[in-house]
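S.K.: If you read the protein sequences in the order shown, they are chains H and G. Just so you know, the working numbering puts 53 at position 53 of the first sequence, and the rest follows in order with no gaps. For the working numbering, count along the second sequence from 1 and bump the result up by 458.
Please keep in mind that the hints were generated in silico from the structure rather than gathered at the bench. Computed from a predicted structure; not experimentally measured. Some hints here could point you the wrong way.
[As the list claims (entries may be wrong)] Restricting the straight-line Cα-Cα distance to at most 25 Å, the calculated cross-link-like pairs of lysine-lysine (DSS-like) are:
id : chain 1 : residue 1 : chain 2 : residue 2
1  : G       : Lys661    : G       : Lys705
2  : H       : Lys2      : H       : Lys68
3  : G       : Lys661    : H       : Lys37
4  : G       : Lys664    : G       : Lys705
5  : G       : Lys661    : H       : Lys256
[As the list claims (entries may be wrong)] The following label-pair restraints were derived from C-beta to C-beta distances:
id : chain 1 : residue 1 : chain 2 : residue 2 : range
6  : G       : Asp686    : H       : Leu419    : 56 to 66 Å
7  : H       : Ser308    : G       : Ala470    : 28 to 38 Å
8  : G       : Pro510    : H       : Trp344    : 37 to 47 Å
9  : H       : Val204    : G       : Trp713    : 39 to 49 Å
10 : G       : Ser529    : H       : Gln416    : 45 to 55 Å
11 : G       : Asn771    : H       : His143    : 14 to 24 Å
12 : G       : Glu696    : H       : Pro120    : 39 to 49 Å
13 : H       : Pro120    : G       : Ser650    : 43 to 53 Å
Glycine is no exception: its CB is placed at the ideal position from the N, C-alpha and C atoms.
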Amino acid sequence: MKTIASGLAWFFILYFVLESLGHLALNFLAIPALRRKIALRPVDDVPAVYSGLEPPVSLLVPAHDEEKAIVASVGALLQLEYPEFEVVVVNDGSTDGTLAVLQEAFELEPFPEALWRRLPTREVRTVFQSRKHPNLRVVDKEHGGRADSLNVGINASRYPLFCAMDVDSILQRDSLRRVVEPFLDDPHTIASGGTVRIANGCTVTDGHLAAVALPQSRLALLQIVEYLRALLFVRLGWAALNAVLVIPSAFGVFRKDAVVEVGGYRADTIGEDMELVVRLHRVLRARGTRYSVHFVPDPICWTQAPESSRALMVQRVRWQRGLAQSLHGNRAIFTMKGGGAERWLAVPFFLLFECYGPLFEVAGYVLMTAMWLLGLIPGATFAAFLALVFSLGFLLSVSALYLEEMSFRLYPRASQMALLVLVALVENLGYRQLMAVFRLGGLARWVRDIRIRFHPRA
Amino acid sequence: MAFVLAAALLAAIAVMRAWRRWKRRRIEEREEGWRRAMQEATDDPAAGTLAPIASLDLPEFLLLWNRVQESRGGAAADNLAQLLRRHGLDQRALGLLRHGSLRRRLIAMTTVGLLRDERAWATLESIAGQGGTVVSFAAARAMIQIEPRRALDALSASIVQRDDWSIARLGCIFAELGPAIVTPTLTTMLISRPRAGLDRVVKLAKFGERGRVAPIVRGWLSASDDPDVIMAALDYVEDERELPWAKSAASHAEWRVRMAAARALGRIGSASELATLLELLRDPIWWVRYHAAQALTRLHGMTPEELQLIRDNARDHFAADMLAHALALMPIRRVRL
Numbered sequence: 001m002k003t004i005a006s007g008l009a010w011f012f013i014l015y016f017v018l019e020s021l022g023h024l025a026l027n028f029l030a031i032p033a034l035r036r037k038i039a040l041r042p043v044d045d046v047p048a049v050y051s052g053l054e055p056p057v058s059l060l061v062p063a064h065d066e067e068k069a070i071v072a073s074v075g076a077l078l079q080l081e082y083p084e085f086e087v088v089v090v091n092d093g094s095t096d097g098t099l100a101v102l103q104e105a106f107e108l109e110p111f112p113e114a115l116w117r118r119l120p121t122r123e124v125r126t127v128f129q130s131r132k133h134p135n136l137r138v139v140d141k142e143h144g145g146r147a148d149s150l151n152v153g154i155n156a157s158r159y160p161l162f163c164a165m166d167v168d169s170i171l172q173r174d175s176l177r178r179v180v181e182p183f184l185d186d187p188h189t190i191a192s193g194g195t196v197r198i199a200n201g202c203t204v205t206d207g208h209l210a211a212v213a214l215p216q217s218r219l220a221l222l223q224i225v226e227y228l229r230a231l232l233f234v235r236l237g238w239a240a241l242n243a244v245l246v247i248p249s250a251f252g253v254f255r256k257d258a259v260v261e262v263g264g265y266r267a268d269t270i271g272e273d274m275e276l277v278v279r280l281h282r283v284l285r286a287r288g289t290r291y292s293v294h295f296v297p298d299p300i301c302w303t304q305a306p307e308s309s310r311a312l313m314v315q316r317v318r319w320q321r322g323l324a325q326s327l328h329g330n331r332a333i334f335t336m337k338g339g340g341a342e343r344w345l346a347v348p349f350f351l352l353f354e355c356y357g358p359l360f361e362v363a364g365y366v367l368m369t370a371m372w373l374l375g376l377i378p379g380a381t382f383a384a385f386l387a388l389v390f391s392l393g394f395l396l397s398v399s400a401l402y403l404e405e406m407s408f409r410l411y412p413r414a415s416q417m418a419l420l421v422l423v424a425l426v427e428n429l430g431y432r433q434l435m436a437v438f439r440l441g442g443l444a445r446w447v448r449d450i451r452i453r454f455h456p457r458a
Numbered sequence: 459m460a461f462v463l464a465a466a467l468l469a470a471i472a473v474m475r476a477w478r479r480w481k482r483r484r485i486e487e488r489e490e491g492w493r494r495a496m497q498e499a500t501d502d503p504a505a506g507t508l509a510p511i512a513s514l515d516l517p518e519f520l521l522l523w524n525r526v527q528e529s530r531g532g533a534a535a536d537n538l539a540q541l542l543r544r545h546g547l548d549q550r551a552l553g554l555l556r557h558g559s560l561r562r563r564l565i566a567m568t569t570v571g572l573l574r575d576e577r578a579w580a581t582l583e584s585i586a587g588q589g590g591t592v593v594s595f596a597a598a599r600a601m602i603q604i605e606p607r608r609a610l611d612a613l614s615a616s617i618v619q620r621d622d623w624s625i626a627r628l629g630c631i632f633a634e635l636g637p638a639i640v641t642p643t644l645t646t647m648l649i650s651r652p653r654a655g656l657d658r659v660v661k662l663a664k665f666g667e668r669g670r671v672a673p674i675v676r677g678w679l680s681a682s683d684d685p686d687v688i689m690a691a692l693d694y695v696e697d698e699r700e701l702p703w704a705k706s707a708a709s710h711a712e713w714r715v716r717m718a719a720a721r722a723l724g725r726i727g728s729a730s731e732l733a734t735l736l737e738l739l740r741d742p743i744w745w746v747r748y749h750a751a752q753a754l755t756r757l758h759g760m761t762p763e764e765l766q767l768i769r770d771n772a773r774d775h776f777a778a779d780m781l782a783h784a785l786a787l788m789p790i791r792r793v794r795l
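Next up, chain G with everything else stripped away, as it sits in the complex (with noise of 0.2 Å):
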């Protein structure tokens, strides 16, 4: 029984290796043909003449057009899009993209997303909605593609909800768009400061008008208790008119707000904030005590020489050690933590 399983095994190999060499050879004689139509396209809207795709065929084609027009912009991306509508292709992917298997449907939501095919919305916020991890994420990148303020309005739910949406991959997304457009969204993220993945809209923040995203989150700053909050809107202080905020946080119980506190002083501070993050030097948690050293080398008005003296008179030899460790620092880099 073994054996005939074993047996079957090898054989399914076989067929598995000559299905794959049969399909590759196959798909080798039409690519020629494909990138030539691509390139005539590429120059002329209306060049490029494709022979039938075959449905075995068609995911191959849209994964190699899908490349080549991410690597084009401008007048030669709306030209090969106009050769896959040319072709009826553009209704096929969206066909592709209602019926195909797993693989085909994420070739196809690339496509209609390349191609801004709005017929693909109803589909897309389906699947942006229920589908897995990668699946959904790829239906909102194609929204995005197809119509960025509206899908990222449509989207702002689950941009803060979703966790299984890495943060990461919306930065890519975010950082793509530019400031002009995400800024409206996160705004109203911002204003509507959500219990839950608020850190999320926070880090995204990055990614919007300065100008426009900082204010409301320093705004937390006299109007929550939450450290979480205190903590964001720590980050985004730059004027030295929150030093008061800046230096109560400094005594905070929760030692992350003490250390967002740090880093605000060693932005924003002057020598008249020494006092304070010396004191936050000899605190008991490791952190706080690195983000001060670090605050003291930035601080305005402080020469390494003072720094130096500071930490020869200190009678915390933890203070010492992380003063001593910040000044050797200094030159070599500064790092994010």
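This is chain H alone, in the form it adopts within the complex (with noise of 0.2 Å):
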């Protein structure tokens, strides 16, 4: 018995390094980037001058019960400075009065588009134009949720780019054009990600970013360290091998034909935008097709993060599954030939670690303070297993405020550091548990997804 918990011990300790080892190798990998970020700066910072050349934008956003945010949240788009660009926002069976607030603000008339339906959607109720802004369109539809929503905007949008968004991502002025940048140097750009930033304690003008801040929740502050850690840099590391597999759905920007090519969002998945990268991959890889995914590291989409515990529950269990079902959704990636870094080590990696990581981190808490307790392993291994859980967790944390502090320093304050170096000790003394708690949660419901699937109810 006593072996077989030692074995088990060892394993677990195994994983945890070799997660952490995994994420500060992606965080190094993110350094010649950042580097070649702030060595570009003095040619970037230059005002934008237009030509009249740059891909015009469809910016796509469905809303579902936003009556309060939306008219705001569509009066910063009509904002960006962008040489030209469209708004189409796509009403996915609101309950609420979203439909008639944007009719009131933005003065809608009934208009007669032609719709081209290439990709397959839930009914179209009506097409609405502003008469105020001529490149604001709204699309009223039956409810079919996000994917649905942006598969209709899609077949609505007139330009060869598109940028799904969320109605609550707050942008900043030049952010359109920041994200369509990797479409301009490099002709072989289908999707462009932007940074997602926590916007909470920040000041928003005009539904624009005013003011940079950190929050006085202390959920949402853990979230800052957490998005550093996890999925600003992080994903830098995987932009660096072509090998990013997931662009928020905040802000993210798609080549429309390589993704009507593919089918347009999955209305059967949770982690639509997720799934939508994981397959273009998938089926451009297949293709022998040249393409190239990019991440955007400036802060230029931001956010609110969820500041209560139940919220956050749900934000999470919906990522887990979101992305259970994009990486087995396109299990084919595996056996496919060929193939670049994103089949032989991002999805694996997010296999191992993302998908199943709270399987093996939770089972791995309670496993070994169990075998602890019984006598199985002795005191020191578990304290081991303690502190190099902690210690790592740490170090991963500073790592990437090593990175911020290195790049973009949204937070200059001396007290604002110090704030979130305390946050990156105290965020492994029960945060990151939780967090694993929650996600094992997603993926429980994934697997109750797929039994429900397999044997459905009479």
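Two independent chains are provided; combine them into the complex using the hints.
M.R.: This is the structure in structure tokens:
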């Protein structure tokens, strides 16, 4: 029994070490890209001049029961600095006054749109055109979820690039220009994702970010370090390998032809954004098409993070289900010929450490504690495990803070950095474990989804 | 071990912060004097004295000078250039260009470009030919600032072939230079009709003198079977003498050519092209129908009432829908597609 316990203990220790080293390696991979970004600032910071040859962009904004936020959000989008863009709001069968407030604020009138139904969607009821803003249309449709709304938006869009957004995404005036830049510099770009930062505590004026500050909410504060550690620099590391698997739902630009070619968004998945990107990798690789997926590390999109543990749980359960669906729905990526870093590194890494990660993490915490309490492993081994988990977690968070300090320095005051270091220390004492439990819940929901699919009740 | 590494990173953060604060203060202390000298030099080429500038401060000084210089023009810009030369900073900018870090080289590229310093030509040409996207483009831009025509000739192969040189950014440079300067290079490129990068040349052609560029492009209509070439040529059709070409392109096997034909017919056609456009309005491809409907609304001599009648009598519902769409769009806007 003790031999099995000892073997298990070593397994969990090795797992945590490998996971942390993997993330650290991705942070290191991000360094050259960040250094280059810093070096290029003298040419990057010059005021934008447009030639009229920039690719026009359709901003797609799915909205379901967004009566309170939609007008301010659309108003802010219409003020973006970009030579040519349109805003297509898709009212996804809202039961509140979303459509009514839009009609009133933007003077909408029905428009006989000849929709190109390239992607199958739920029924479109009416297309409205704004009298005040020629580049604003609203598509009213039956409720079908975010993916279905985005497919409707793609059908209604008139430009070669589209930007998928959330109603609560807060942008800067130059955000669209920055996220489109990869399409200018690399003609093989099919998708470009913007960094999402946490807006809690920041000042927002006219729907745009005016000043950056740290939030009062402890939960939001913990998420700031978590976003830096797990979302920003790690993704930049994957981008260096052309293996970005996630384009944030809050702000991502895609080449429309490429997305239509692979069938658009899948309406039967939770994480439609990740699923689409993984599918794009899979299909385009299989066809031997040259392509690239970029990640823009500049802070260009901000979002409100959940401030209650319940809302956070709902978010993480959803993310985890989406992740599992995306990876398993595209499992053919494992059997296809060839493939690059996305197949040989990113997908296995995501599967082992992101998708099944919470299973190993929670099992690690529970079994190691139980084995120590039952005397199956020595106290020293258990202490070593805890020290390792804690110290590696802290090292990862500090390395993310180091990269933030090196590059963007959004929190310039010493007190802000001190607070973030404290958060990096504290998040290992409960927050990370809680997130693992939430994510495990998401994984369990995904397993239940599969069982229901295969064994539906009569 | 992990804690030691974390502590080392925290120390590195502290050092970075301290270094940055020290450097910011140092630059703030000097910047006032630099700005004063630049202000004085703006009005009088002999005025403005700069204290010796340490190597550490040189990139920040040049960055400031670049910004000030870019906002000036005419005599003020010449005077500011004189200020740099008087203090031997032009020579030091050349040194940075050859031996600096990436950031310093980029700053120096802008400086030598603004100074129109021909001594930098060979270095810039080498960087433009070998560097990565941003660096090579910055070098090309500096070359164009130094001697536009010579630079355009030297860079024409890269302009056509390097698809990492954004056409939108090139367009900004071409627009800034103006038609008189860019037209000779553009006509040479167009006459050579490169197999790769033709679409780039055609897009840039809009910055040239239309009277000289358009005949070359239109000439392709009778000389090529390549759909890309015919499409480009159709976009330059502006004379009713070319109507037969546009009408024959309306039945081309490639839908993009039919779409371009619809656009051309809308531009130069009259009511006699109605039948061709109505045929295109029933095309299986959405974009062809869309442009055919747009063209109908632009046809010389067609009234909205006549179009409404056509729409009401259309048997093909795709055609009717598209025409309704185009009619509704008429008072609102014209979109570029």
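S.K.: Is the hinted pair G/Lys661 and H/Lys37 satisfied, with a Cα-Cα distance of at most 25 Å?
M.R.: 29 Å, violated
S.K.: Between H/Ser308 and G/Ala470, does the C-beta distance stay in 28 to 38 Å?
M.R.: 36 Å, holds
S.K.: Is it true that the CA of G/Lys664 sits at most 25 Å from the CA of G/Lys705?
M.R.: 24 Å, holds
S.K.: Does G/Lys705 sit within 25 Å of G/Lys661, going by the straight-line distance between their CA atoms?
M.R.: 23 Å, holds
S.K.: Are G/Pro510 and H/Trp344 spaced within 37 to 47 Å by their CB atoms?
M.R.: 55 Å, violated
S.K.: 14 to 24 Å was suggested as the range; check whether the CB atoms of G/Asn771 and H/His143 agree with it.
M.R.: The hinted range 14 to 24 Å is violated for G/Asn771 and H/His143, with Cβ atoms some 37 Å apart.
S.K.: Looking only at beta-carbon atoms, does the pair G/Glu696, H/Pro120 fall within the given range of 39 to 49 Å?
M.R.: The hinted range 39 to 49 Å holds for G/Glu696 and H/Pro120, with Cβ atoms some 41 Å apart.
S.K.: Falls inside 56 to 66 Å, the C-beta gap from G/Asp686 to H/Leu419?
M.R.: 58 Å, holds
S.K.: Does H/Lys68 lie within 25 Å of H/Lys2 when you go C-alpha to C-alpha?
M.R.: Distance of about 60 Å is beyond 25 Å: violated.
S.K.: Against the range 39 to 49 Å, how does the distance between the Cβ atoms of H/Val204 and G/Trp713 compare: consistent or not?
M.R.: The hint (39 to 49 Å, Cβ to Cβ) holds, given that H/Val204 and G/Trp713 are roughly 45 Å apart.
S.K.: Could you grab the alpha-carbon distance between G/Lys661 and H/Lys256 and see if it respects the 25 Å cut-off?
M.R.: The hint holds at about 21 Å.
S.K.: Has the hinted range 45 to 55 Å been met by the Cβ atoms of G/Ser529 and H/Gln416?
M.R.: 34 Å, violated
The structure fails hints 2, 3, 8, 10 and 11 (numbered hints given earlier, in ascending order).
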